[in-house]
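K.L.:
Protein chains in written order, with the working numbering: chain A, 1 to 71; chain B, 72 to 142; chain C, 143 to 213; chain D, 214 to 284; chain E, 285 to 355; chain F, 356 to 426.
It should be emphasised that the hints constitute simulated quantities derived from the structure, not laboratory data. Keep in mind that the hints are not guaranteed to be accurate.
Calculated cross-link-like contacts (lysine-lysine; reagent style DSSO-like; alpha-carbon spacing at most 27 Å) [claimed, not checked]: (1) A/K13 to D/K283; (2) F/K368 to E/K297; (3) D/K226 to C/K155; (4) C/K212 to F/K425; (5) B/K84 to A/K13.
Number of protein chains: 6
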Amino acid sequence: MTIQAINVRNQFKGHIREILRGDVLSEIDVQTAAGIVTSVITTRSVDELGLRVGSEVIAFVKSTEVSIAKL
Amino acid sequence: MTIQAINVRNQFKGHIREILRGDVLSEIDVQTAAGIVTSVITTRSVDELGLRVGSEVIAFVKSTEVSIAKL
Amino acid sequence: MTIQAINVRNQFKGHIREILRGDVLSEIDVQTAAGIVTSVITTRSVDELGLRVGSEVIAFVKSTEVSIAKL
Amino acid sequence: MTIQAINVRNQFKGHIREILRGDVLSEIDVQTAAGIVTSVITTRSVDELGLRVGSEVIAFVKSTEVSIAKL
Amino acid sequence: MTIQAINVRNQFKGHIREILRGDVLSEIDVQTAAGIVTSVITTRSVDELGLRVGSEVIAFVKSTEVSIAKL
Amino acid sequence: MTIQAINVRNQFKGHIREILRGDVLSEIDVQTAAGIVTSVITTRSVDELGLRVGSEVIAFVKSTEVSIAKL
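The whole structure should be built from the sequences, with the hints applied where relevant.
P.N.:
Here you go:
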C-alpha cells in the first residue's frame, strides 16, 4: 500500500544519525536541514520499518502538537 | 517567572509569518530555518502572549509526538 | 514524493463519511471496519489533500497517544 | 469513583493479547474488532490497573491525535 | 457501559467554570484544586456529554503529554 | 536563551519527588499543589536539564491534550 500524502503539515526530511534502542521505545535522531529532530517510537516499529543509521526518513508532527514560546 | 530551559528537544526558532485566527483555536505559521512550521494553539493564548505577524518565537514539540515515515 | 511506510502502528482504512468544516480546524469522520473514527485536522490540510465525502483514507494514530480504560 | 462517560470519541473495545513490559513504559496490544490496537502506557499504570493478557479493556484516543493519509 | 478506571495518572477533579463554544472544537475551563485546567474537545463531545457550566468532571492527561520546564 | 512565556495554559509548579530512570524514557513525578503530576520525558532530557529529586520545575501540557470525563 502506497500513501500519496498525509495531512501532517510539519514534515522534516533527513537521514537517521543515531538510534538509541530501548526495550519498548527507541529514540531516533534525524539529521535535517533544521538540525536534529528527535522522535520516540516503539522499538517494534524500528524493526518493522528496518530503520538504521543512514536511512532516509521524514520526521513529521501534527500541528496541534506544536507549542509556541515567546522570546 | 522566567523559564531557564524546557525538556523539549525539538525547538525551531523563527518569526511568525501568518496567523489564521479562529473562534477557539488559531493557526500560527512560523518561518524557521527548516521552512514553515505550523502550530495550532488556543486563540486566548495568542492574545495572552500578544502574538502578531513578525513576533520572534520558538515552535517546539515533544519527541514522543514525532512520527517517522520511510522513503 | 511517495511514502513507503510510516511507523504508526494503529492504522484504520476507510472512507470519509462526513466533514464538519470549521474556520481553522475540521472534523473528519471516517467509516472503518471498526466503526467511525473521528479525526481533527486543519481545514487547510482538508483542502490541500482534496478530502471530500467518499475519499479513501487511512486514519492513523501513534501508540503513545492511545490510553487504556479497564471495564 | 465511577466514570460515566469520557469525551473521547474513538473507543475500541477488546481484550489484551500481549503486554511487552518495559522498565518505565509498556506496550499493550489490544485485540479489537478493528484488528490490533497498540497502546503505550507507564508500567506503573499496568500494575495499578492490574492489566494482564485477557483483560477486557477499551483503547481510546482523542480526535485531535488522529491523522489522515490519502490513498 | 461503566468504566472502572483509566490508565491516565494525571486526573484533576473539578467543575466546569466556562465553556467557549466553537464551530468544531470548544474550550472547557475546569476549576480544580490546582487552579484552572483548560481542555479543548470537539463541540460534538460537549453536546453528547451534556456538559454545561457547573458540571462535575475530571480533566485528565496522559503522562507522555506532560513536559517539564526548569525554573 | 531565556523564554518569556509559553502558550501552554496548563502549568503546574512544584518540585520533583521521584525520578524513575529508564533506558530511553524516564518518569518524573512532580509534587504540586494539585497533587502528583506525572511526566514522561527522554532520559537524555533529564540529564541535559540536570533534573534530580528536589529540583523546582513546571509541569505543563497543551490544552488539546486534556480530556474530559463526566462523573
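K.L.:
Now tell me, hint by hint, if it's right for this structure.
P.N.:
Structure-based check of all given hints:
no.	hint	result
1	A/K13 to D/K283	19 Å, holds
2	F/K368 to E/K297	18 Å, holds
3	D/K226 to C/K155	18 Å, holds
4	C/K212 to F/K425	16 Å, holds
5	B/K84 to A/K13	18 Å, holds
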